[in-house]
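2 protein chains.
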Amino acid sequence: MTKTQLIENIKSKGSYLCVGLDTDLEKIPVHLLSSHNKAFMFNKAIIDATLDHCIGYKINTAFYEAMGSYGWDVMKQTVEYIPETHFKIADAKRGDIGNTSSKYAKAFFEILDFDAITVAPYMGEDSIRPFLEYENKWTIVLGLTSNKGADDFEMQKTGGEYLFEKVIKTVSKWGSDKNTMFVAGATRPDQLSEIRKIIPNHFLLVPGVGFQGGSLAELSKHGLNNDIGLIVNVSRAIIYAGSEENFASEAGVIARQYHEEMKRLIY
Amino acid sequence: MTKTQLIENIKSKGSYLCVGLDTDLEKIPVHLLSSHNKAFMFNKAIIDATLDHCIGYKINTAFYEAMGSYGWDVMKQTVEYIPETHFKIADAKRGDIGNTSSKYAKAFFEILDFDAITVAPYMGEDSIRPFLEYENKWTIVLGLTSNKGADDFEMQKTGGEYLFEKVIKTVSKWGSDKNTMFVAGATRPDQLSEIRKIIPNHFLLVPGVGFQGGSLAELSKHGLNNDIGLIVNVSRAIIYAGSEENFASEAGVIARQYHEEMKRLIY
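In order, the protein sequence lines correspond to chains P and D.
Residues in the first sequence are numbered consecutively from 0, following numbering that gives the first Met the number 0.
Residues in the second sequence are numbered consecutively from 0, following numbering that gives the first Met the number 0.
One chain only, chain P, in its complex shape (with noise of 0.2 Å):
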């Protein structure tokens, strides 16, 4: 997907909500156990109820890699149920030395036809390179993060600067505002300010938001851009707002919420 696509579709929309296949066994509704296919009868419930309130789904890899080859089959079937019109996003935090970078593209973007894959920045440019190098494909590298483990080493200084900081600067030149995103967790909205500062064009893959307790207002505030410029996920707040047979229209009735809310944001 384009960089004008993805800004169409959610001007069009009025939503720039991100909505997180976190799919766990253990936590989805005890009624679709029984089911040959249960994650993916899952993700479609899921995916049927929030289609119209949200731009993208990001799947995190881990949950489907605990379910064994199984899970790479429900990965496999749930980017191909996704319609066209909405962004996908691997959550996988790969990356390694070159060859196996390029392997790792290969998986998400060729094998599974992700439009995103995230990515871990600390091994460095020919880490990062073979992802950018598909094209209307995204590498979305990891800023700062929205988890307590921020502290330990995004958050520390080097020469006059965040780890963090450095990482969004060196970054950005390898790619462009085109294909590269990064990860600035909600959790820490002042920060956002500082990141557009940097980065004043580039998509933003904010996480932390619902569970994890970041404010869509707040980092909207900070974050927000021309072309909307942010991509907010919701992962457990949505998929587990019911655990009864209506699990998928309680989904609904949470993404319709955030929905409301970025419209009242944006217009």
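Be careful, since some hints might not be right.
Copies of the same chain look alike in the list, so a pair counts if it works inside one copy or between any two.
[Stated by the list, open to error] Pairs of lysine-lysine residues, derived as PhoX-like cross-links and limited to a Cα-Cα distance of at most 25 Å, are as follows:
(1) K172 / K156
(2) K105 / K147
(3) K172 / K147
(4) K2 / K26
(5) K37 / K75
(6) K10 / K196
(7) K43 / K136
(8) K105 / K37
(9) K105 / K26
Honestly, the hints are just simulated from the structure, not real lab data.
Bear in mind the structure is a predicted one, so any value in this text is a computation, not a measurement.
Start from chain P and add chain D according to the hints.
Same frame as chain P, now just chain D:
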């Protein structure tokens, strides 16, 4: 596997060689391509031919993910095929917020019965803790990697030290030398002495020998400790030593050469 067992295996054999199964369907011998289960047939032959010369195998998950769900079946079959005497590393470079890292730990320590997994440190403590909670399992954290990109962030100064030194100092306190190792590349052997000053007792997983050009004698001079304390990985130089029907015995020849050199270095 406990640290005592690992040391015993290494000392009794006189080898600290790990064979990296970077199994690539574009590189395995042509005569295997007609096999129904070609990737596993390749791994099985390599394992049979190298078992006497190494103390472990490292499975690089990227190469298996590039095969889709079949790759996950091959990983499972391969881990089950490797005898209990040998240390089994998932080279996965994972790491995410706590609830997600827990799922990765489940995937690699429970669904697949690996002894160890490589983990990226960027996201800090809560991204690493879930791996450390497993008894007799190992978390191998990226310290200083073997690639050129290590200059971009790992070799940047934070306070008075390099980022990789800060990572090693900090992370080594979260676990102990009985459940934590660090990746330290063979391509910067002088830095191994510095790392040994910080963690004299931890095992180091050392990539970068063979195709990447690191010297076994050099890295051993700087990295060995009283327990040996090194696991040196060689992937391409062993598994693709031959490309004909005798590829496995060619792999065995190269593995034997490393084994012989290691015996000379430690006895």
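Legend entry - Same-copy or cross-copy closeness of K43 to K136 [CA-CA at most 25 Å]: within (24 Å within a copy, 36 Å between copies)
Inset, instruction - Can you give me the call for K105 and K26, within, between, both or neither, at a CA distance of at most 25 Å? - result: between (31 Å within a copy, 15 Å between copies)
Inset, instruction - Check K172 against K156 for me: Cα-Cα at most 25 Å, and say if that holds within a copy, between copies, both or neither. - result: For K172 and K156, both the intra-copy (20 Å) and inter-copy (20 Å) Cα distances are at most 25 Å.
Inset, instruction - First find the shortest C-alpha distance between K172 and K147 inside one copy, then the shortest across copies, and answer within, between, both or neither for a cut-off of 25 Å. - result: Classified as between; 17 Å across copies, 28 Å inside a copy.
Legend entry - Identical-chain pair category, K105 with K37, by Cα at 25 Å: between (27 Å within a copy, 19 Å between copies)
Inset, instruction - Can you give me the call for K2 and K26, within, between, both or neither, at a CA distance of at most 25 Å? - result: neither (35 Å within a copy, 36 Å between copies)
Inset, instruction - Up to 25 Å between alpha-carbons, please classify K10 paired with K196: within, between, both or neither. - result: within (23 Å within a copy, 56 Å between copies)
Inset, instruction - Using 25 Å as the alpha carbon limit, work out where K105 and K147 are close: within a copy, between copies, both or neither. - result: Close across copies (22 Å), not inside one copy (32 Å); limit 25 Å.
Legend entry - Status of K75 relative to K37 across identical chains (alpha carbons, at most 25 Å): both (14 Å within a copy, 22 Å between copies)
Of the hints listed earlier, the one the structure fails to meet is number 4.
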